[in-house]
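J.: Read top to bottom, the protein sequences are chains A and F.
Sequential numbering of the first sequence, starting at 1, is according to my numbering.
Sequential numbering of the second sequence, starting at 1001, is according to my numbering.
Hints in this document: simulated from the structure, not taken from any laboratory.
Errors might be hidden in some of the hints.
To be verified - Using C-beta positions, here's what the derived DEER-type ranges look like:
hint	chain 1	residue 1	chain 2	residue 2	range
1	A	Glu30	F	Arg1041	21 to 27 Å
2	F	Pro1008	A	Pro83	37 to 43 Å
3	F	Lys1026	A	Pro83	29 to 35 Å
4	A	Gln17	F	Lys1069	43 to 49 Å
5	F	Gln1014	A	Gly96	39 to 45 Å
6	F	Ala1078	A	Gly96	33 to 39 Å
Backbone N, C-alpha and C fix where the C-beta goes; we use that ideal spot for every residue, glycine too.
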Amino acid sequence: NAGVTQTPKFQVLKTGQSMTLQCAQDMNHEYMSWYRQDPGMGLRLIHYSVGAGITDQGEVPNGYNVSRSTTEDFPLRLLSAAPSQTSVYFCASSQGSSGANVLTFGAGSRLTVL
Amino acid sequence: SQQGEEDPQALSIQEGENATMNCSYKTSINNLQWYRQNSGRGLVHLILIRSNEREKHSGRLRVTLDTSKKSSSLLITASRAADTASYFCATGLSNDYKLSFGAGTTVTVRA
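The whole structure should be built from the sequences, with the hints applied where relevant.
T.: Rendered as structure tokens:
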């Protein structure tokens, strides 16, 4: 099993450009989420989904869009990139048990916005 | 805002020594988890402890939870070079899928 696959691994954007970070999992997990990791700040939740067709905002959703048309895929869209969005982005999924949600993480996507 | 805060921020130990790190959190939780992150990689789940548990073991890992003090500790015994990583605590609430992560403790094990 591949687990959680993120693409691309690295990306450089100019301010104002848009792009999509892809996330796919092959474990039939219901719950999927996106975090960003910045030095000294740990991981902050951007958006999450508890199943196909259902998405919700996390702690830092501004500037990002998500959709969940299938169980397997959960893309994160940056609408108009800003230098403040320079970060490492992680997608994570789980079987989805509220109260005991153990996450499987992807390897991360490092984004630089110039 | 972050729920958990790890202490210390960084820790350097000799191979074979024990490493202890702590996590404090602010609100009542349903469970607390510890994750490891090797440099440049994603996080890997280590252990989960529920709010009605006080101690849990997994191999060389020992986790304690004190809900009255809203704190947890992770002990790694007989450390190895491969334990060099960042360690994060994450808290989960009842009836909520979301996990809230702390900023992590960076552990360096010297050979």
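J.: It remains to establish, for every hint, whether it holds in the given structure.
T.: Against the structure, the hints come out as follows:
1. A/Glu30 to F/Arg1041: 21 to 27 Å: Cβ of A/Glu30 to Cβ of F/Arg1041: about 25 Å, so the range 21 to 27 Å holds.
2. F/Pro1008 to A/Pro83: 37 to 43 Å: violated (31 Å)
3. F/Lys1026 to A/Pro83: 29 to 35 Å: About 31 Å separates the Cβ atoms of F/Lys1026 and A/Pro83, which means 29 to 35 Å holds.
4. A/Gln17 to F/Lys1069: 43 to 49 Å: holds (47 Å)
5. F/Gln1014 to A/Gly96: 39 to 45 Å: holds (41 Å)
6. F/Ala1078 to A/Gly96: 33 to 39 Å: Since F/Ala1078 and A/Gly96 have Cβ atoms about 35 Å apart, the given range 33 to 39 Å holds.
Figure legend: structure checked against the earlier numbered hints; the only hint not met is number 2.
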